[in-house]
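In order, the protein sequences belong to chains A and B.
Numbering of the first sequence is given in our numbering, commencing with residue 5 and proceeding in unit increments.
Numbering of the second sequence is given in our numbering, commencing with residue 13 and proceeding in unit increments.
Just so you know, not all the hints are guaranteed correct.
Computed footprint of chain B on chain A, listed as stretches where at least three residues anywhere in the stretch have a Cβ under 8 Å from a Cβ of chain B [claimed, not checked]: (1) 97-109; (2) 145-158; (3) 182-191.
Hints were generated in silico from the structure; no laboratory data involved.
Predicted model, so just to flag it, every value in this text is computed and none were measured.
Backbone N, C-alpha and C define an ideal beta-carbon position, used for all residues, glycine too.
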Amino acid sequence: MVVSILGSQIIGIIPLGDIVFYMTSFNLFMFAAALAFTFIIAISKTETQVEAEFGSLGDREIKVAKKEFKFRRFLAIICGLATAGAMVTGDIFDFTLFVCLIGIVNIGIVGAVKQIDVLDSAFQYGLIAMIASTPLFVGASLILAATGTISILAINSLTYTTPMMLFGSILLFLGVAGETGVAPFFATKAEMFRTPGSPFLLIIHLSSLLVIVRVIEILLIINKPF
Amino acid sequence: MKSIGRIWNSLANPDRIPRLYALVLGIVLIAGFLIPIGLNDHQLYPRPEPQLQINAQDPLAPYDRGGVTFEQRGIVKAQYPQYLPAIGEITAYLSPIAMGVSGTTLYYGTSIYSSPGGLIDEILYYTRGFDTVLESSILMMAFVIASFIALNFTMRRDD
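Isolated chain A, as found in the complex (with noise of 0.2 Å):
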């Protein structure tokens, strides 16, 4: 089957019924960089961050305890693997659930520390993820009802672009970019970073990276401005 997407061959496909994963070389260093990512993620400890305290020649070492460690931990390499589904799946509707799942991970990974303010931004971080599922499925459903089908292979052999399907990638982007807090919604991202506990919070910054990326893609794939 000789299919290009965006000008680069499929090199192959995972059929799971309607829903088909397919790869091309794009996709597939993506999902290889998020699985490796996730792999060194499983395999590391933390950080310990070191605060001087005043007026004396002490420090003060800010520890991750073991429980809330091994539950960081659990969400980051769900997280991941969320993240490198989202890279290769072939449907609309399946990359909205992707990211819906990366979504409320990332506030769980932030959910189990124990500074007040970091809690805080990621309570303001979980309106903001929660306001953007709609967006997201509306966006998906819109796609769905312009084209008829949802299958990402399916509308890039389509040949038409109608207004409908240009508003319902802009919720979808909408949508994504409320998830995953990027540009002008990144202050709340921004403040939980500052909690001990480095690499797991690197997939947090990792996982909106590639989605918006693969969002990109998926945007260009349906409104074909070329």
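Using the hints provided, position chain B relative to the given structure of chain A.
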């Protein structure tokens, strides 16, 4: 110039971000009323007219897809039928309790009996089965996080 800097600074406050997001979303949704509605007639998962099966006094009302279990395939469409060799074969299956209940009431299809043991929605469990797996794992993660936070109050109580 100074006012632009003030706007950027106000974006650094996490409390204002959900409001900003809600505002942007509201503007986009209101702008959506201006978009001409262009629906595609060849939908992937077609449905009958909303009240058609109810007016026909069908007890399985919105979910009747026809067919006989393992003998005659029901009406289930799929994007890739080549990957679904057994599509439509069990969509007419009713458990013994479900048969009894559907004989007594006209509203069986919308009652609690119909799911999950009674009527098997093949689009949910076979055609798009991976979505169901993901949905339940999202729910499970939400419960995991909520129970962890409820069991270990993750706040410094002495602060």
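Hint-by-hint comparison with the structure:
By the rule of at least three residues with a Cβ nearer than 8 Å to a Cβ of chain B, the coverage given for the stretch 97-109 of chain A holds, with 8 such residues. Counting residues of the stretch 145-158 of chain A whose C-beta lies closer than 8 Å to any C-beta of chain B gives 9; at least three are required, and the coverage claim holds. Counting residues of the stretch 182-191 of chain A whose C-beta lies closer than 8 Å to any C-beta of chain B gives 4; at least three are required, and the coverage claim holds.
Checked against the numbered hints given earlier, this structure breaks none of them.
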